[in-house]
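First residue of the sequence shown: 9, per our numbering; consecutive thereafter.
Derived from the structure by calculation, the hints contain no laboratory data. Computed from a prediction, not measured in an experiment: that's the story for all the values here. Hints may be right or wrong, so weigh each one.
Computed spacing ranges between beta-carbons, pair by pair [said to hold, decoys possible]:
| hint | residue 1 | residue 2 | range |
| --- | --- | --- | --- |
| 1 | T136 | S241 | 34 to 42 Å |
| 2 | D163 | D120 | 26 to 34 Å |
| 3 | G9 | S241 | 23 to 31 Å |
From the three backbone atoms N, C-alpha and C, an ideal C-beta is built for every residue, glycine too.
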Amino acid sequence: GTIDNSCIFNDGDSAQMSRTFSTPTNGIKYTISFWMKRGDISTTVRIFGPKSASGNTYGGYVGIVTDRFYFTDATTGGGANWGLTSTRTLEDRSKWYHLMAVFDSANSTQEDRAILYIDGDRVTEFDTANYPTSSEASHINTSGATHYIGRRGYDTNNMYDGYLAEFNFIDGQALTPSTFGVTDTSTGRWVPKTLSGITYGNNGFRLEFGDSSALGDDTSGNTNDFTATNLASTDQTTDSPT
Numbered sequence: 009g010t011i012d013n014s015c016i017f018n019d020g021d022s023a024q025m026s027r028t029f030s031t032p033t034n035g036i037k038y039t040i041s042f043w044m045k046r047g048d049i050s051t052t053v054r055i056f057g058p059k060s061a062s063g064n065t066y067g068g069y070v071g072i073v074t075d076r077f078y079f080t081d082a083t084t085g086g087g088a089n090w091g092l093t094s095t096r097t098l099e100d101r102s103k104w105y106h107l108m109a110v111f112d113s114a115n116s117t118q119e120d121r122a123i124l125y126i127d128g129d130r131v132t133e134f135d136t137a138n139y140p141t142s143s144e145a146s147h148i149n150t151s152g153a154t155h156y157i158g159r160r161g162y163d164t165n166n167m168y169d170g171y172l173a174e175f176n177f178i179d180g181q182a183l184t185p186s187t188f189g190v191t192d193t194s195t196g197r198w199v200p201k202t203l204s205g206i207t208y209g210n211n212g213f214r215l216e217f218g219d220s221s222a223l224g225d226d227t228s229g230n231t232n233d234f235t236a237t238n239l240a241s242t243d244q245t246t247d248s249p250t
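All chains should be modelled from the sequences, with the hints used to inform the complete structure.
Here it is as structure tokens:
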């Protein structure tokens with residue numbers, strides 16, 4: 009598969025995208041998949057997360073904490089309901105990483121209720137690992153909540169700095185990496201594949217960053233477009249995982 013474009017998020021510009029979600033297909037099952045090449049690696053960054061409809065509740069988010077992949081959900085007071093932090097670090101600024109976070113709290117197996125993947129491999133070693141309770145709701149994919157790319161929902165601290173490409177959110181399905189990538193048999197590297205047959209669900213979206221005048225254009229068929237803030241047409245680039 010070929011990824012033609014990516015989008016540059018400069019934390020100094022407070023670059024971000026936002027969209028308010030509607031009623032989800034399934035509020036306790038979703039998949040997040042994106043390709044990332046980091047810029048500034050000196051700080052903790054938040055890549056995707058919501059702000060609640062009430063405006064004052066801490067939400068969940070996906071990000072990088074001390075160079076480690078982090079996926080969490082948090083309460084009003086800021087304490088984590090649950091969270092996973094990978095042992096593997098992601099500090100290589102020259103490399104495109106494929107990251108996935110899967111939430112499926114109705115799963116009967118505790119360790120399958122929140123799953124991380126890095127470059128097609130399931131993360132099994134964690135610095136911290138606390139899992140959702142059975143059928144626990146998530147702040148991510150909540151109706152009326154504004155979801156952000158490039159920051160967490162409730163403040164603009166720790167904004168993302170770097171490139172993002174092929175950003176997908178699938179509402180109602182817990183997918184595996186084989187939907188998005190494949191191992192190149194000649195190099196052993198994890199590479200993108202052509203996406204097909206994905207049912208995105210009510211809040212699902214696909215951002216390919218292919219239209220420099222509308223970087224938040226959703227190409228999943230749902231027209232769940234994101235509003236771009238502090239992003240210009242020059243933030244579209246052909247630097248990509250391919």
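Confirm or reject the claim that D163 and D120 have a C-beta distance inside 26 to 34 Å.
31 Å, holds
Status of the given 34 to 42 Å range, CB of S241 versus CB of T136:
40 Å, holds
CB of G9 to CB of S241, is that within 23 to 31 Å?
With Cβ atoms ~25 Å apart, the hint holds.
The structure is consistent with each of the numbered hints, conforming to all of them.
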